[in-house]
Structures are given as structure tokens and as C-alpha cells.
Amino acid sequence: MLKMTDVKKVFRTDLVETHALRDFNLHVGEGDFVAVTGPSGSGKTTFLNIAGLLETFNGGTYELDGQDVSNLNDKKRSQLRNEKIGFIFQSFNLIPDLNLFDNVDVPLRYRGFNSAERKKRIESSLEMVGLAQRMKHLPSQLSGGQQQRVAIARALAGEPRFLLADEPTGNLDTQMANSVMDLLKSINAAGTTIIMVTHDGQLASQARRNIYVRDGKVSEVNDTDAATAPHLAAV
Amino acid sequence: MNLPFSRIAFRPIISTLLRQKYAMTMLLLQIALTLAVISNGLFIISQRLDILQRPSGIDEPNIFVLTSSGFTENFNPQTSMQADLAELRQMPNIINAVATYSFPFSGSGDWDELQTLAGSDQNTVPAASYKLDENGIDALGLSLLAGENFTASEVLWQTEDNKTFPSVAIITTSVATDLFNTTDWASVVGKTIYINDIHSVVVKGIVLQLQAPWDPVGQIENSIIYPRVVTRNSARYLIRAKLSMLQETTADVEQYLGMSNQQRMIRKVESIKTIRKQVYGPDIAAITILLVVITALSIISAMGIAGMASFNVIKRHKQIGIRRALGANKVDILSHFFVENIIQTTGGIFIGCIFALGLNVFLVAQYALPKLPLTYIFIGIFCLYLLGILATLKPALKAMNISPAEATRSQ
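Top to bottom, those sequences are chains A and B. If you read the first sequence in the numbering used here, its first letter stands for residue 1, the second for the next number, and so on. If you read the second sequence in the numbering used here, its first letter stands for residue 1, the second for the next number, and so on.
I should point out that these hints are in silico values taken from the structure, not numbers from a laboratory. Glycine included, each C-beta is placed from N, C-alpha and C at the ideal position.
With a straight-line cut-off of 25 Å between C-alpha atoms, the simulated DSS-like cross-links for lysine-lysine are:
id: 1; chain 1: B; residue 1: Lys315; chain 2: B; residue 2: Lys394
id: 2; chain 1: B; residue 1: Lys318; chain 2: B; residue 2: Lys21
id: 3; chain 1: A; residue 1: Lys136; chain 2: B; residue 2: Lys315
id: 4; chain 1: B; residue 1: Lys394; chain 2: B; residue 2: Lys330
id: 5; chain 1: A; residue 1: Lys76; chain 2: B; residue 2: Lys330
id: 6; chain 1: A; residue 1: Lys76; chain 2: B; residue 2: Lys318
id: 7; chain 1: B; residue 1: Lys242; chain 2: B; residue 2: Lys277
id: 8; chain 1: B; residue 1: Lys268; chain 2: B; residue 2: Lys242
id: 9; chain 1: B; residue 1: Lys394; chain 2: A; residue 2: Lys75
id: 10; chain 1: B; residue 1: Lys398; chain 2: A; residue 2: Lys75
id: 11; chain 1: A; residue 1: Lys120; chain 2: A; residue 2: Lys136
id: 12; chain 1: B; residue 1: Lys21; chain 2: B; residue 2: Lys315
id: 13; chain 1: B; residue 1: Lys330; chain 2: B; residue 2: Lys318
id: 14; chain 1: B; residue 1: Lys398; chain 2: B; residue 2: Lys318
id: 15; chain 1: B; residue 1: Lys315; chain 2: B; residue 2: Lys330
id: 16; chain 1: A; residue 1: Lys76; chain 2: A; residue 2: Lys8
id: 17; chain 1: B; residue 1: Lys398; chain 2: B; residue 2: Lys315
id: 18; chain 1: B; residue 1: Lys21; chain 2: B; residue 2: Lys394
id: 19; chain 1: B; residue 1: Lys398; chain 2: A; residue 2: Lys76
id: 20; chain 1: A; residue 1: Lys75; chain 2: B; residue 2: Lys318
id: 21; chain 1: A; residue 1: Lys8; chain 2: A; residue 2: Lys75
id: 22; chain 1: B; residue 1: Lys394; chain 2: B; residue 2: Lys318
id: 23; chain 1: A; residue 1: Lys75; chain 2: B; residue 2: Lys330
id: 24; chain 1: A; residue 1: Lys185; chain 2: A; residue 2: Lys120
id: 25; chain 1: A; residue 1: Lys136; chain 2: B; residue 2: Lys21
id: 26; chain 1: A; residue 1: Lys217; chain 2: A; residue 2: Lys3
id: 27; chain 1: A; residue 1: Lys136; chain 2: A; residue 2: Lys119
id: 28; chain 1: B; residue 1: Lys242; chain 2: B; residue 2: Lys273
id: 29; chain 1: A; residue 1: Lys217; chain 2: A; residue 2: Lys8
id: 30; chain 1: B; residue 1: Lys318; chain 2: A; residue 2: Lys136
Below, a sample of chain A positions facing chain B; criterion: calculated Cβ distance under 7 Å:
id: 31; residue: Asn49
id: 32; residue: Asp74
id: 33; residue: Asp97
Pulled out of the complex, with its shape left as it was, chain A reads as follows (with noise of 0.2 Å):
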């Protein structure tokens, strides 16, 4: 479902070449839940824009959902981004001057959907988030916890392939980051593939699946249910 194969990516500047990336090998099947560790600097955000097509990469091949997107232009990779892939950030990343109605509405708009589809689509997001009845608030006048909840409702009111999440506990309490955690875990059971980067070991425990990156590569794997499932194993 998502492969990548010797994906390498370099930073330059006029200075100083960086490689984030060397050889990346991964491969993730349909429903897994993958929490991506690493030290800071380890290329884990890297991975996480290259694989939601935030980033484009340097050499070796990528193939999502069985497309080979190595090569997509600008408006090809912003529909797989809006067809597929969901994402959530560790700062919400809502955007503060949109209620939650509109902030949920604003890839269902980029994907096309008519109004009556978006508005069914929003409302059934954000009530699954438990939302539904703040949906004329700011993001402002929500509290972190509820903030991600917002974001996660907005991650999946279009019903992707695969949830992205950058430290999505981050700027949450333990309480809240719990919650949060329920809720990516009911995600993943009722589906859809999850790849969480972490630097929470405890977070990450609750994966299915374990990813420590060091130096721009995947150099060990726990994979906790390996044994039924053996195609999540890194390539």
C-alpha cells in the first residue's frame, strides 16, 4: 500500500549538503497502525513529508496506494495528497480564523464534493470527534485536546487511505493525549492505515507496528503483530 524503495533525500545549500534520507526502505500494508521513533534529526519528519507527498525526494521510487508517484506534477500529487492521505499535526494546524465547520470544509472543497455531500461529510466527522454541537466555534475557543479532535475530524470527513500524524499528542496533556490516542486506535480499527511519527515510546507501544529511524534510515522494527501479519515487515 505505501512502498518506498531506496528513497533518498538531500538538503542543500550553498554551503552544506544534508542528507535526511539514505536508502529509506518501508513498506506498509492496508490497516496498519505504524508509530515511526527516532532521535531529533533523524529524518522522521522528512519521511513524513515524502510519504504525504508534502515533499518531493531525490532518488529511489515511492509507489502509494500501487501509484508510482516519483514523478507526479504539482496538481496530481495535491489530489493524491486530497484523495488519500489525511493529516495530522502536532501544532492542530487548524486555521484560526475559520470556525470548525469551515476548517473541517476546507479539503472537502479542494476535492470537489458539492454541498449537500460536504456538509453531510462534516457534520458526521465532527460528531464522530464528539464536536458536532461546536461546530459554529473558533478554534480558538476550543482547548488543545478538542483542537486535535477538530483536526482529526478534518483529517477524515474525506475518508482517506492513509492518516499521517506528526506528534499528534505532542501539545496535549497525558489525559487528552489518551483520548486522542483512543481515537487514532478506533480509526485504525474500523480501517483506515495509520503512520504516526512519535517521540512518545509509550505512545508508540500502542502501535501495531514500531519504526526507529536514526540517520535518515529504518534501523529496527517491532513489529508486534509480525507473526499474522508479515507483509508490514520493513523491506
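Following the hints, position chain B against chain A.
Same frame as chain A, now just chain B:
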């Protein structure tokens, strides 16, 4: 297929703009003021251009004038004038010459009230009065459409105190239409008209056009020509040179007249082209000033729009990255900023229409300008939308190139 604008949410953009109360108010007022000034300014410019471009009816490029001023006690103006004109008409590069104190752009002359029936209760038509001999039509280069020119015997050579009035006159088509409500010029020839309810003359001919020397009553096309020459010590000659011979002829004439009679001096030698430029100097200055004001205000407005758009791009750098991450392509981001600009401009235009019409009402009341035609408001609106789009282009292109990876970068 979805059009780019169909992927943009208008209501949230309006809500966001409304939150920037002070900046938006200033920008809207700026746009509104620009519209008011552009619309009224262009209208005034077009009116001035109409004035500048209207033909006078005379052969402007080839005519020059000069003044012959007798200064001795023995100086005989009529003899001098007749001798001068006879000699001038013989010169090889001159088509014709005439003595006249008034001509288009001369800025002075008489106006008469004309009517078709005698009586003080009749409607009158104002007309500038010219006094020319039988060579006048040819010397001015007028186009005689109907009837005939004066004969030499009809021309009255008079001193200023001689009140004998001629029996015939030539009028312009404009006067003929105003008096007889017809364009059948031949039918007007032979009709009698009354001058200031004192004299009567028979229309002998109709000329296409002859502008008044100045226009105190807004009837610049109305002129009447009488076969009269008023003799004074100071005479003014209007001389029509052959094509492209103006400069050479002017020098020859000035030299000849200066030498031919020592009892007078020649002065004020000017071409009609030069006089016209002087007369229309204030109009040209007004057009220049208005163009400068319109351009300056447009640049200031463009800078305001560009500044606001640039500020929004910087302020929403992360947001743009988020939108890109959520599926917006580059065209979506570009469209977003253009839609935002169109909404701003539309708001400004709405207020600006009120300003523009208000300003026009003021100008109509204070300076007797005509009512502003809606066309000029539409031109102003078009200019402002174009200005807005151009001013937004650079910031929007910058926004378009923000990477979607900005969404995952810390603030």
C-alpha cells in the same frame, strides 16, 4: 470539471477580511476614492479632449496673423489696408488675405442675437459676428455649402462710428439649423433674418463651420459673417499661405510690410497653430494634472492592495502551507488571493460608486459640468479590477510557491 473559483469558499474569506477592520476600511476607502477620481477625472479629460479636437472650420495649419499699427498723423488706415491686402494677394505663396479683428481663437469679438421674425418677443439664436470682405471665405479656408460669396460691391468699408448695416450675410450651418430647423441649406439661402431686432439681412450663403472667437454662451459653432471691413489705425491681417509655405511666407510678409510703409509698424506675427496652443494651454495643463493625479492615486492604491496582499501572505505563510497539505494546488492558492482581492475591490467599488456620483453632483453644482455618464464609472471599475489583479499578482505568486511541507514545520 471544477473551475478554480468553485473550490474557493467565499463566505469565510469575507469573514476573515471583516476581521481586519481598520486595514480593510482604509483600503476600501482608498479604492473608493480612486474610483471616484478615475471616473470623474477621465470624464473631465474626455471633455477637454473633445474641446481640443473640435475643428474650427478654418485652414489652421496654413494661416498666420499680424497687426499693422499706423502711428503717424497722416496715416490713412483704409488706403493702407487696401494697399497691403492687394499686395499680399499678389504674393506667390499666399492663397488669400483678409483684414479682420476677430478669428477663431482670437478671444474677442461681437455676439449678435438672431431671429427669423421681427419683434422683441421672438426666440433668438446667439451668433458670433465676423466682418470680412469678399476674400474672407477664401482667406479663412471656409467651405461654402450653399448660396454665394459676397461681391466686392456688397462690402462696406467703414470707420467705427459708421453704423450703416449691410443687406446680406453668410451664416454657419449651425445657425441655419438653430434658426430654421433644417439641414436643407439651399432652402435657407434668400431668407431674411433679424439682427438684435434692429437690422435685417438676407442670407446669401451657408458655410459648413466657423468657430466663434470665444465662447461665452456655449454656442461656439454659431457664427454670422457680414460684408464689412472696419478701418482703424491698428489693423489685423489674416493671411493664408499655400501648403507647407507658412514659415517662409511669414518671414517674407513681415519683411515686405515692414519696408513698404514707414508710417506703421508690424507686430504680433503669430501662426494660428501657436495661438491655438496658447488658448488651449489651460485645458492641456488640466489634462496633464488630472492624468498625474489619476496615475499617482492608482499607484498608491496598487501599493495599498499589494501591501495588504503581501502582509496576508506573510501572516498566513503557515496557513497556506496547511491548505496546500490539505490538497490545494498552486492554482487554488493563486485563485484564493485573487478572489480575496476581487471581494475587497468590489467592496471599494460599491462605496466608490457613491463617492463618484457624489463628487459629480458637487462638480455639476460648482463648475457647471455635465452629469457623469455611467460609462466612465464602468471604465473606472474595469481599471480598478485590473489594478487589483496586477497588484495582487506578485504576492499571490509568492503564496502559490509556498511548500505544503510548511504545514509540518514548527512556527
